[in-house]
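Using the sequences and the hints, build the whole thing.
Quick note: the sequence shown, position 28, residue 27 per numbering that gives the first Met the number 0, numbers continuous.
Treat the hints with care, as some may be off.
Claimed, not checked - Computed cross-link-like contacts, SDA-like style, restricted to lysine to any residue with a CA-CA straight-line distance of at most 25 Å: (1) Lys81 / Glu21; (2) Lys92 / Arg153; (3) Lys151 / Leu49; (4) Lys92 / Ser140; (5) Lys81 / Ile129; (6) Lys92 / Val11; (7) Lys81 / Lys151; (8) Lys151 / Glu21; (9) Lys53 / Leu149; (10) Lys53 / Val66; (11) Lys92 / Gln139; (12) Lys53 / Leu37; (13) Lys81 / Thr94; (14) Lys151 / Asn67; (15) Lys92 / Val154; (16) Lys81 / Glu115; (17) Lys81 / Ser58; (18) Lys53 / Gly25; (19) Lys81 / Ile48; (20) Lys53 / Asp118; (21) Lys151 / His122; (22) Lys81 / Val136; (23) Lys53 / Glu115; (24) Lys151 / Asp118; (25) Lys81 / Pro15; (26) Lys81 / Lys92; (27) Lys53 / Gly128; (28) Lys53 / Ile64; (29) Lys81 / Gln19; (30) Lys53 / Ser63; (31) Lys53 / Pro27; (32) Lys81 / Gly128; (33) Lys81 / Gln139; (34) Lys81 / Ile109; (35) Lys151 / Val84; (36) Lys151 / Ser76; (37) Lys53 / Arg153; (38) Lys53 / Glu21.
In case anyone wonders, no lab produced these hints; they're calculated from the structure.
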Amino acid sequence: MELESGSQLLVVNFYPPCPQPEFAMGIPPHSDHGLLTLLIQNELGGLQILHNDKWVPISPLPNSIIVNTGDHMEIVSNGRYKSVVHRAVVNNKATRISIGTAHGPPADTIVRPAPELVDGETHPAAYRGITYREYLVLQQSNQLNRKSCLDKLRV
0 MELESGSQLL VVNFYPPCPQ PEFAMGIPPH SDHGLLTLLI QNELGGLQIL HNDKWVPISP
60 LPNSIIVNTG DHMEIVSNGR YKSVVHRAVV NNKATRISIG TAHGPPADTI VRPAPELVDG
120 ETHPAAYRGI TYREYLVLQQ SNQLNRKSCL DKLRV
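Printed below as a string of structure tokens:
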């Protein structure tokens, strides 16, 4: 995969206090599409990752950056590195802010398992190739439901 250039997306999320947080969701469960996502957040919790079918809160550490592997990292690594299913929940106490930057390949780059990680017998390709642009169209055509896009690309 050519990585001389790439794409970057900056997202700022603002979650005001919610009087009934049990009836609201900040961001529903999903995995990020690119290779890596870097995330900073203020001192309020709210980020949760899915681990062994349970939601685990990620406690913010001062001056830290959270690194999430994305769907394209899972594809390129032929499943060796898994993308992280996560969500954001709201609270009733104070405003939560997070800033994320997602990094991916150029839009017309075909994302597929790296040839070095594929052999026909022991480690066959686990995903079919797709351009980054086509992946984004596929992702937008479905609800963010865990790994629905990856499920469609599995061989």
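Taking only the CA atoms, is the gap from Lys53 to Ile64 under or equal to 25 Å? holds (23 Å)
Are Lys53 and Glu21 close enough, with their CA atoms no more than 25 Å apart? Roughly 17 Å separates the two Cα atoms, so the pair holds.
Take the C-alpha atoms of Lys53 and Gly25, compute the straight-line distance between them, and say whether it is at most 25 Å. Answer holds: Lys53 to Gly25 is near 18 Å, not above 25 Å.
Check whether the Cα positions of Lys81 and Thr94 lie no farther apart than 25 Å. violated (31 Å)
Checking one constraint from the list: CA of Lys81 to CA of Lys92, max 25 Å. Satisfied? violated (33 Å)
Given the hint that Lys151 pairs with Asn67, test it: the Cα-Cα distance must not exceed 25 Å. holds (21 Å)
Taking 25 Å as the top limit, are the C-alpha atoms of Lys53 and Arg153 close enough? holds (24 Å)
Restraint status (C-alpha distance of Lys92 to Val11 at most 25 Å): holds (20 Å)
Given pair status - Glu21, Lys151, alpha carbons within 25 Å: violated (32 Å)
Are Lys81 and Gly128 close enough, with their CA atoms no more than 25 Å apart? holds (17 Å)
Hinted pair Lys92 and Ser140, Cα distance within 25 Å: violated (35 Å)
Does Lys81 pair with Ile129 here, judged by a C-alpha cut-off of 25 Å? Answer holds: Lys81 to Ile129 is near 18 Å, not above 25 Å.
This entry does not satisfy hints 1, 2, 4, 8, 11, 13, 15, 20, 23, 25, 26, 27 and 29, going by the numbered hints stated previously.
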